[in-house]
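Engineer: These are the residues of each chain, in order.
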Amino acid sequence: MNTKTLNKVQYRFEEENLLKSEPNALRVEDLKEEEMIINLGPQHPSTHGVLRLEVLLEGEIVKEVVPHIGYLHRCFEKHAENLPYNQIIPFVDRCDYVTAMNNEHIYAMGVERMLGIADQLPKRVEYIRVLVAELNRIASHMIAIGTYGMDIGSFTPFFWIMRDREHILRLLEWASGARLLYNYIWIGGLYYDLPIGFEERCREFVNYFKPKLKELEVVLIENKIFVERTANVGVLPLDLAINCGVTGPMLRASGLRFDLRKVDGYSVYPELEFSVPIGEGKMGTVGDCWDRTWVRLEEIYQSLHIVEQCIDRLLKDHKRTRDFDPQAMVPKKIRPPKQDFYVRGEMPKGELGFFFRADGRNDIPFRCKCRSASFVNLSVLPEIARGVLVADLIAILGSIDIVLGEVDR
Amino acid sequence: MADLSNIVSKVSSVWSEHVKPGDAPGVVMVDASHIREVCEFLQRDPDCYFDMLSCLTGLDNGPEAGTMEVIYNLYSIPFHLHLMLRVIVRRDNPEVPSVTSVYRTANWHEREAYDLFGIRFTGHPDLRRILLPADWEGYPLRKDYRHQEYYRGVKVEY
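Here the protein sequences come in this chain order: A and B. Here our numbering = 1-based position in the first sequence + 24. Here our numbering = 1-based position in the second sequence + 30.
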């Protein structure tokens, strides 16, 4: 870019442009007495990113919520139509940037199934994949719980969580070279084998983290103030959840034991032992905000259990050997036969699905649609946030645990 | 009864003229005019019980083929079955009845398909653009899309 264009004013702010590009869904003329339209966001910390909520208020009662999304749209699907399958992986990372390993795992699994090599992978590769994906799941749930606590008004647990999350990020950085966006899981294998000493360091982390988690549970989850703010708030009934396509911890908190790791049994999850926690309404009603947070906390315990089992097997049955090459199965040419294919898997926020259409003649997908969990989970917000207080609206939004990168893709 | 081939043959026998088995197992071709009724049947019928719409995809086959598609991935939680419905519409006037009244998941997915492909969903309660600005020109995921040169004085090409 030359200096001429740099000095030029590129965008002149005009107020009517705002209304043209993102007009309100509600009209001022239709307002009744005592009603007003308030915009929450796009720049507001409690919307977890660039989400704009157009709220119709009567006093402090929310009568209608209209989410406006798309502020972080980065054209994932358009990019995917112009790139070979293996080069899409970094873009998949950036869909949900706090759970990149899970995204990669599901994406790579989908392409492998299309190629027909999914069941030929070495067991060590599969165990490493599950290990890093579960570590990342813990990190994501920690973000969810920590920022949620901050929304509700407890500041300290957030810093504790960020401190402990840093251990996971360092572990993953050690393995892949990046803190957040890894490009570690490749189609047909992995970028590198785990570094020497990773398993031991990982076990150290698990032992360090378990008491911290108990501490978190006492300080935040069972805290009286937290319970008062979240119990019986934003109750999502099960039939509405299924009809709206809600998945992940939100669906489980509403009382359905539905985890794709168990239901579909992909990768090596059938060989691992873990349970699927569901919301029980311990502090209020089944499916309220407290249940959603509690399910996330219980899932961290289960993920830690999975991590421990993975470490055991990586040290015993599927040991590191001198001739093990994690890239051995990576295909030179990725050209799946002509087909429509939908793959799905459990990422921390719910069901992540990819719809592929391969035309059999190209190395690039004809169409690659990303069905993200946050996008669908967020669409339930107008249904459960009707008639609540503004403060509860923030509590409900935080409990959905959205990442705007994934909502807008 | 909860078997995919049985379900496909059952649905095709109910609407013999509008529903055909597709080229792969678990794929059903549905006429655009009847997609809402078929979805409603698949959701309500106790032998099928497809209670979840996993994914709704818009798809453009390009100007040579002259068709667009909408693909519905249904999932039945109690029977653990997947079903893919394919609807093919003409490219010059893409119009598909909305299934929002059956699956509320479809609400935002249909808005997305409208936003990126320009497929109009008739009977949709709130068909606005969802990801792009309301005054964006064109539908970016169409195969013959050319982006506009300027958007409010900002050069679009980087």
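A hint or two may mislead.
[Said to hold, decoys possible] The calculated label-pair distances, taken between Cβ atoms and stated as ranges, are: (1) A:L107 / B:H64: 50 to 60 Å; (2) B:P93 / A:K306: 55 to 65 Å; (3) B:K185 / A:K306: 31 to 41 Å.
[Said to hold, decoys possible] Quick look at which bits of chain B chain A covers, simulated, 3 or more residues with Cβ under 8 Å: (4) 34-45; (5) 77-84; (6) 131-138; (7) 146-160.
Because the hints were derived from the structure by calculation, they are not lab data. Quick caveat: nothing in here was measured; it's all calculated off a predicted structure. No residue lacks a Cβ here, since even glycine has one placed at the ideal position from N, Cα and C.
Engineer: Is 31 to 41 Å respected by the C-beta to C-beta distance linking K185 (chain B) and K306 (chain A)?
Structural biologist: Violated, since K185 (chain B) and K306 (chain A) (Cβ atoms, about 56 Å apart) do not stay within the stated range.
Engineer: Taking 8 Å as the Cβ threshold, is the statement that the stretch 131-138 of chain B is covered by chain A upheld or broken by the three-residue rule?
Structural biologist: holds (count 5)
Engineer: How about the stretch 146-160 of chain B: do at least three of its residues have a C-beta closer than 8 Å to a C-beta of chain A?
Structural biologist: The restraint on the stretch 146-160 of chain B holds, since 5 of its residues have a Cβ under 8 Å from chain A and three suffice.
Engineer: Three or more residues of the stretch 77-84 of chain B near chain A by CB distance under 8 Å?
Structural biologist: With 4 residues close enough to chain A, the hint holds.
Engineer: Tell me if chain A covers the stretch 34-45 of chain B under the three-residue, 8 Å CB rule, please?
Structural biologist: Three-residue rule not met by the stretch 34-45 of chain B, so violated; n is 0.
Engineer: Quick check on a hinted range of 50 to 60 Å for L107 (chain A) and H64 (chain B), using CB atoms only.
Structural biologist: Given about 37 Å between the Cβ atoms, the range is violated.
Engineer: Determine whether the Cβ-Cβ distance between P93 (chain B) and K306 (chain A) falls within the hinted range of 55 to 65 Å.
Structural biologist: 58 Å, holds
Going through the hint list in order, the structure does not satisfy hints 1, 3, 4.
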